[in-house]
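Could you use the hints to bring the two separately framed chains together as a complex?
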Amino acid sequence: MTQPLYWIPTLFLPEQSQPFYDPLVKMFLSAHQGRGHIVSPQPLGIQIPSLALTQPQSGYVYHVNADRDQPPVKHRLEITDVVVSCPTGIEDASLARLDTIYRLSTIRRITLTRDTPRHPLFVLSQALDTVLQSFPQITIGIDVQSFGWDAAAHFAQKFPALQLDGIDDNQLWRLIQLGQVLGRPVWLDDFSRHPKPLPGLPQFKVSDPPPIDVHRIPFSSRFR
Amino acid sequence: MVASQTYPLESAPLTGVAKITTTRHCWMQCRFCDFSQFIPVLFDTKIPPCLPLADAKSRLATMPDSVGLIKIRGGLSFREPFTYFRSLVRTVADGFNGPIQAFSPIEINQWHRVEQRPVRELLSELKWAGATGLGPGGSEILVQSWRDRLSPHRIEATAWTTLAQLGWDTGLPPSAMVLAGQWLSAADIKSHLQILSAYSWHHIEVKMFRSVALQPELEPMHILSLCHLVAETRELLNDTPIYVNEPPGGISHDARIMLTQAGADGFYTTLEAIEP
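The listed protein sequences derive, respectively, from chains A and B.
Residue 186 in the numbering used here sits at position 186 of the first sequence, with consecutive numbering throughout.
If you want the numbering used here, it's the position in the second sequence, counting the first as 1, plus 1000.
Just chain B, same shape as in the assembly (with noise of 0.2 Å):
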């Protein structure tokens, strides 16, 4: 029976989570997005107006009872002011008692520069407005050389873990990301957890890449070496909870299985998508 007490019976519990899109413009144009839409700043821009409040309130009202986690996102629009997004945080506090990931360092940076707002004074109005914490954003890649290939346009790392960790003085617990892309050498994951295990996290997330159209390079992880990614994170930051977030789609029971051995405590899989 030595092989059973290696198994866990049950998969970590799996939560369900509504993702709020306040609007898909955004300048960065990561290379691995396919969801956003670039439109340059321009003078005569007519740039597409956010998820209007109402649209949020009656989606919500109708949002199956098994959600237990909101994650708001896309705050990179120069159309809204911040008083949108944080009206925005409110009417979803309003209706749901879960938790609520409300943006990430990058859409607080975003507000920072452009309304010229200090940071801590954005962070604890969102938190006033019901937001329980900072999501993790898109895909941050902590090593430089992979944010330079990637993802150019987003600020460096230590600007990004700086402006997370803020998140601890105003109550917006922060958490953050691990990618998990095949194209990730052991060398890259390992110098990302290093940077991750320097700061403290409410919780981390391994988002499962999924691959992009016509960028073969950039294909998804392997089930085996994404368990190793679980396990090595899970060896370096071994006091924060791992959640393991699934691609549209869900993965199959023996992968739950198989990642919660490897250390997981727990998944997200979404199951409602509020867009404009």
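Pulled out of the complex, with its shape left as it was, chain A reads as follows (with noise of 0.2 Å):
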């Protein structure tokens, strides 16, 4: 069985607006059949299925950008999700911020992305097969939107280890179309475990030339 592409809808709460993030949540996920992940600044009245904090709080997942949040180094965090910047290097400074997050709390999956569109695929792909082999038991991702879709199947196809993160809803159908490609089935998925196959993109047939009748003029239906 090869290993399936997971689609993960991502629902990011704005700072402001708070009275609407229950309908809002409640709108995204029936959008989804039931399944999606909330990234919220606070807790919600709610009970949903997979939410992340942008704050540490005791007993939340916490979703930290650690190129942008600085995360409190004095006490252990709880489960953490990670977006760094792809380290290139022993001396990257995003290496310094990821070791310090792993050695404060448990990471449940790390999002790497991509500092400069021409940062070379090369120097890329011995990045990731590091960090794959360095962390063999958390969930790695590259976000699509800056890695860019042909290096994100390049990729996808060279680690199958390796998840596509940070797909909108208009751009399913490229993961779809690249897990057609790759012969992988495309999962549905958030962090409640309960995965549901997605169905591929149409397919439709080059219809065959049309029949020549003989016993009419002129023979091209082209001209009728």
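To be clear, the hints were calculated from the coordinates, so they are not data collected in a lab.
Take the hints with a grain of salt, since some may be wrong.
Label-pair restraints from in silico Cβ distances [to be verified]: (1) Asp115/A <-> Asp1034/B: 32 to 42 Å; (2) Phe1038/B <-> Ile138/A: 54 to 64 Å; (3) Pro1049/B <-> Pro4/A: 51 to 61 Å; (4) Arg1149/B <-> Gly183/A: 24 to 34 Å; (5) Gly183/A <-> Trp1168/B: 40 to 50 Å; (6) Asp1239/B <-> Gln70/A: 18 to 28 Å; (7) Thr100/A <-> Asp1065/B: 27 to 37 Å; (8) Asp168/A <-> Arg1149/B: 33 to 43 Å; (9) Gly1130/B <-> Asp115/A: 47 to 57 Å; (10) Pro1247/B <-> Asp92/A: 33 to 43 Å.
Short derived list, chain B residues pointing at chain A, Cβ under 8 Å [said to hold, decoys possible]: (11) Trp1183; (12) Glu1217; (13) Ile1223; (14) Ser1225; (15) Ser1252; (16) Asp1254; (17) Ala1255.
Below, simulated DSS-like cross-link-like pairs (lysine-lysine); rule was C-alpha separation at most 30 Å, straight line [to be verified]: (18) Lys158/A <-> Lys1190/B; (19) Lys205/A <-> Lys1190/B; (20) Lys26/A <-> Lys196/A; (21) Lys1019/B <-> Lys1127/B; (22) Lys1057/B <-> Lys1127/B; (23) Lys196/A <-> Lys158/A.
Every residue, glycine too, gets a C-beta built ideally from N, C-alpha and C.
Laid out in structure tokens, this is it:
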């Protein structure tokens, strides 16, 4: 069985408009068959399958952007989802940040972003190889928006353990197309562990040429 | 450091192309073509005139310096004689020093049939006018079942390749094309490449198919399949340069690196389109 590609639709709730969090989340989940990951600044009033907070709080998963946020280094954190720029060498600052969080908490998922679009593929390839070998028990994903779809497709083919993150609803067809090219199924998922397979893109057959009727002139159907 | 050795540090060189279209009028009606305009040839048909020579001359004067290749296409007009196309090539060659790919076996066949002139004579006149090679044509799929389905009015694959090979005798090296559509199966691509490998070509172009309106079955090829296609072409035609013909808008730098890694020797990107 080939390893599936997982699509995790993610809703980032804004800092403002807090009274509308619950209806927003309900609408988002109902649009994705009850599945979907919510990243919120504060706990919600309703029970949802998959939630992470942008602030550290006990009992909740902490979604930390290691390049932007400064995680508190005093006390031990709970489970974390880390977004960090892809470390491309031993002296990379993002590697130190990742290491700090790794020592402080249990990392559930690492999402790697690409700093510049012209960052060479061979550097990224080595970096991904190193990260995948260093954290075999952690789900590693790449942010498709910053990597670009061409590089993402290349790395998804090269490293089957890699997941593709940051895919919007309007880009889902690209993931399904990639799954069809790689021969891997695509599953709708979040962190509640109830994945659901997604159907493939419709396939259309190129029609056969029209038969030639030799009892009518002209023979070619184009002129009738 | 094993991984870095397999990736090229830079992508293969990018060549800017200026495409000169003599006429949009075409009677072939290939299904994948949304560029040509079909006008049935009847008694009182008004066929629009081709690109005036003066227009071509003035547009060429303002062309950017980064253009490294000129492609001339669209010779399927019954209105202008062959001498018009010959003069156009002459006009272009006067204002441009680089290579000029003038027309393809399809157009040579048209002039041969319409004007009843020997093919070698037509080719040597194009050569005299300043052409440096024969183009690969719009989209030749040399598999006969696909020709029947998509472009039934093109000349057959054997006729096309024979006409193209005559270019070697007159000093117009021919080039061929692999059309990269997702609808082509691995077997189709293999048989197309086998036909190509039986002849010799100046270079092979891999044309990235772009989607055609209202025809969802003709979808463009995914970048991974395209890399596989380029690698397969490189394997079968191992001493022929392969150029990837980019769609309008170009492709990403990553895609160029991936295609270079697969075996592409260069990229053609359209900088200027001169049309009537």
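Now for the hints, and whether the structure bears them out:
| no. | hint | in the structure |
| --- | --- | --- |
| 1 | Asp115/A <-> Asp1034/B: 32 to 42 Å | 39 Å, holds |
| 2 | Phe1038/B <-> Ile138/A: 54 to 64 Å | 59 Å, holds |
| 3 | Pro1049/B <-> Pro4/A: 51 to 61 Å | 58 Å, holds |
| 4 | Arg1149/B <-> Gly183/A: 24 to 34 Å | 26 Å, holds |
| 5 | Gly183/A <-> Trp1168/B: 40 to 50 Å | 42 Å, holds |
| 6 | Asp1239/B <-> Gln70/A: 18 to 28 Å | 58 Å, violated |
| 7 | Thr100/A <-> Asp1065/B: 27 to 37 Å | 52 Å, violated |
| 8 | Asp168/A <-> Arg1149/B: 33 to 43 Å | 36 Å, holds |
| 9 | Gly1130/B <-> Asp115/A: 47 to 57 Å | 48 Å, holds |
| 10 | Pro1247/B <-> Asp92/A: 33 to 43 Å | 36 Å, holds |
| 11 | Trp1183 | 5 Å, holds |
| 12 | Glu1217 | 4 Å, holds |
| 13 | Ile1223 | 5 Å, holds |
| 14 | Ser1225 | 6 Å, holds |
| 15 | Ser1252 | 5 Å, holds |
| 16 | Asp1254 | 4 Å, holds |
| 17 | Ala1255 | 4 Å, holds |
| 18 | Lys158/A <-> Lys1190/B | 24 Å, holds |
| 19 | Lys205/A <-> Lys1190/B | 20 Å, holds |
| 20 | Lys26/A <-> Lys196/A | 19 Å, holds |
| 21 | Lys1019/B <-> Lys1127/B | 19 Å, holds |
| 22 | Lys1057/B <-> Lys1127/B | 19 Å, holds |
| 23 | Lys196/A <-> Lys158/A | 25 Å, holds |
When each numbered hint is compared with the structure, violations occur for hints 6 and 7.
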